[in-house]
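Sequence lines, in order, name chains A and B.
In this text, residue positions in the first sequence follow this note's numbering: the first is 1, and each later residue adds one.
In this text, residue positions in the second sequence follow this note's numbering: the first is 1, and each later residue adds one.
In case anyone wonders, no lab produced these hints; they're calculated from the structure.
Be aware that one or more of the hints could be misleading.
[Unchecked claim] Straight-line Cα separation of at most 20 Å, PhoX-like style, residue types lysine-lysine; simulated pairs:
#1 A:Lys4 - A:Lys36
#2 A:Lys11 - B:Lys64
#3 A:Lys151 - B:Lys57
#4 A:Lys68 - A:Lys4
#5 B:Lys64 - A:Lys151
#6 A:Lys151 - A:Lys131
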Amino acid sequence: MSCKAPSCSYKSVTENATHARRHLLSCVLAAELYPKLQERLAPTARDGSVDVIENDITLPPLPPLPAKTLASWRLQFARVQLESGLPSSTFDTEAWRSTLRLISGSRFDGPGSRRVVGRTHQPAVQSLSDKGASAFLRSCDSFSVSLDGMKDENGAGVYYIIAYTPRPFQVGTSRLGTDPGAADILLGHLAAGLQGPLLAGVATSSAVELERGECPLSLISSCRFLTLCSDSPSAMVALRTCAVNRGMLFFAFDCAAHAAELVASDAFRVPVCAAALRGSLAITVFFKRSTRSKALLRAVRAMLAGGRRGVGSLRSYSRTQLAGEGATIAAVGANLPALRNTMLENDHTAAPIDIPDEVSAAIQSTTLSPAILRCSPFLCFLARLVTHLEADAAPLSSYAGIFACLRAALANNFTALTVSERQTLQGVLGRRFAAFAHPMVVLLFSWTRFGAQCAHGCQFFCGAASL
Amino acid sequence: MAQLASFAALEASHVVLPPEQGVHPDLWWRLWGATFRLLQPVTVHLLAMPPSAAGGKRMFKALKSVLTTRRNRLANCRVDSQTRVVFNSAQLRRGDVMGAYRRPIAEHELVAMLAGETGTGAPQQAPPPVADDGGDHEETSGGSGGSDSDAESTDDVDGVDDDIAVGRTFDSDGVDVDISGEAPHRRRCDSLSVCITRHVLICTKLLRHNERTHTPGSTGPFSHP
Chain A
1 MSCKAPSCSY KSVTENATHA RRHLLSCVLA AELYPKLQER LAPTARDGSV
51 DVIENDITLP PLPPLPAKTL ASWRLQFARV QLESGLPSST FDTEAWRSTL
101 RLISGSRFDG PGSRRVVGRT HQPAVQSLSD KGASAFLRSC DSFSVSLDGM
151 KDENGAGVYY IIAYTPRPFQ VGTSRLGTDP GAADILLGHL AAGLQGPLLA
201 GVATSSAVEL ERGECPLSLI SSCRFLTLCS DSPSAMVALR TCAVNRGMLF
251 FAFDCAAHAA ELVASDAFRV PVCAAALRGS LAITVFFKRS TRSKALLRAV
301 RAMLAGGRRG VGSLRSYSRT QLAGEGATIA AVGANLPALR NTMLENDHTA
351 APIDIPDEVS AAIQSTTLSP AILRCSPFLC FLARLVTHLE ADAAPLSSYA
401 GIFACLRAAL ANNFTALTVS ERQTLQGVLG RRFAAFAHPM VVLLFSWTRF
451 GAQCAHGCQF FCGAASL
Chain B
1 MAQLASFAAL EASHVVLPPE QGVHPDLWWR LWGATFRLLQ PVTVHLLAMP
51 PSAAGGKRMF KALKSVLTTR RNRLANCRVD SQTRVVFNSA QLRRGDVMGA
101 YRRPIAEHEL VAMLAGETGT GAPQQAPPPV ADDGGDHEET SGGSGGSDSD
151 AESTDDVDGV DDDIAVGRTF DSDGVDVDIS GEAPHRRRCD SLSVCITRHV
201 LICTKLLRHN ERTHTPGSTG PFSHP
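Please model the complete structure; the sequences and the hints are all you need to start from.
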């Protein structure tokens, strides 16, 4: 049982007449082929009259839409649906169809069945989206590219190729399948992904021009991919080296947000930060998971606030994002008086909550509060800087700016930390910057007004960049 | 190089060039960088690049909205198609990213910290090399050691050598000598610049050394000889 419209792929494998009827009611192609089809298949009451009771209540009968307009409406509806990430079958229910018929005077009942949305509308919507993105990309001067991989819900690895203008656009996808994630293979996938239809008219490699002996500075001024940015697994580091050595891109650097995240990771090895993190995590994890403890803490916090605005609740961040743990630690520091009162309240209740020894020890500890007070200003500030580095609009110069300035600021600020602790943090910042950045990043910093305040250093920067 | 020096000289005047705080550095160069005809095309192309690959992480969020735990039997091509539609359409709907840029408060605070530094007791020297970081990350780690022949890349980065390197780079015995007779506000600015320069200098030295150590075969157009 299949649709007779020439280009419609609908086929009812189970030969379900209700499904087939529903398809014919929503199929634009069938409606064009048989103009009176909708009328003949319209739902009828038991006595044979057309079932338009709801429409009679709300709207007078409206003239039918031309097929072209109806198709356009359906495409527009499907476009919004798909752009919102909704499944194709969201509006493929009788409830949605009747609702849409009700508000449109029986002229429109949704984008169609899930098959129509998936097979007919989705390619059309993608084509429209690609057309817009391609036009935008053609209007841009220069691009940087990043390759980042993850495992999807089914455990399959997928790599996304993103072009930054600085607004990020996805220009390609690659799935390695059984191939190893080696640098050469990744580079092949990157080169293939950049050949997609979105990047027509953009130079995706500078190898040929560089081999001809053209000056890199003149090439930078043309519309092409200039830099590669990625995170720091060894395969990605090798990929970056490969791409630059083959002349595909001019220079490559490690993601600044990732580098700052690793700075946070190193900072938590400093004893004072490690002690604050350990105690804060023990407290946060327990009071976030235990519902009775959470309720008791909330009640104590409200009692201590006395009707005024009290401290906020405990916060928890993903354990993989260490930069965010500064806020976790600060929240525990603000909640410590309430936590101690919660312990007292718990001791006097008839059925006390069984609080683990580690959590009790952390709350009663005399060293946790000073440790939090000492390290949280720096950690919270670092988290804010990471947020800035992750922004799309952050200029490339802010990489060197933030690392260098934070390193310099540690000299006379954050004085709650001891001199040796600050020296360690300075060392961490220097090491991470040195391992991840590129001299061009430093040179760019000197070209901004902020960076150019270090005017004396320009000569040195140029020498460093070998430009 | 001459244009770079003239940019630096203009900067030193503090009044000739308009302030950067309100605009993205890339837009600043587009608007007011015409004086530097060689530098401008390069800066406007490079400063627009973001320093992070956070766009890829946002792409993963788009993927998770399309392929969920309850909707995980979609064909790969359909997943890729809808993910691209979701992500790229959202980007096209955004306003002017660089036009809306303002220097973040955290960066202002950072500048204020540097500009206001007058205290003593701070670590004057760069830190000693930190011990092995545990190796839970796979990236290349910066290291010290090895031998460099040129003046700028001395093999250690300790404070004494840092000061020597700054003096050597600036061809002066000490930067403070040069600013001793200046007005207080100028002195503060120069103190800031000296401070930043010193720390960028240290980072750059580390960076150069690290690149030389870990990527000896690099032959890219901007790589070191």
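Evaluated hints:
no. : hint                : in the structure
1   : A:Lys4 - A:Lys36    : holds, 15 Å
2   : A:Lys11 - B:Lys64   : violated, 30 Å
3   : A:Lys151 - B:Lys57  : holds, 12 Å
4   : A:Lys68 - A:Lys4    : holds, 19 Å
5   : B:Lys64 - A:Lys151  : holds, 10 Å
6   : A:Lys151 - A:Lys131 : violated, 29 Å
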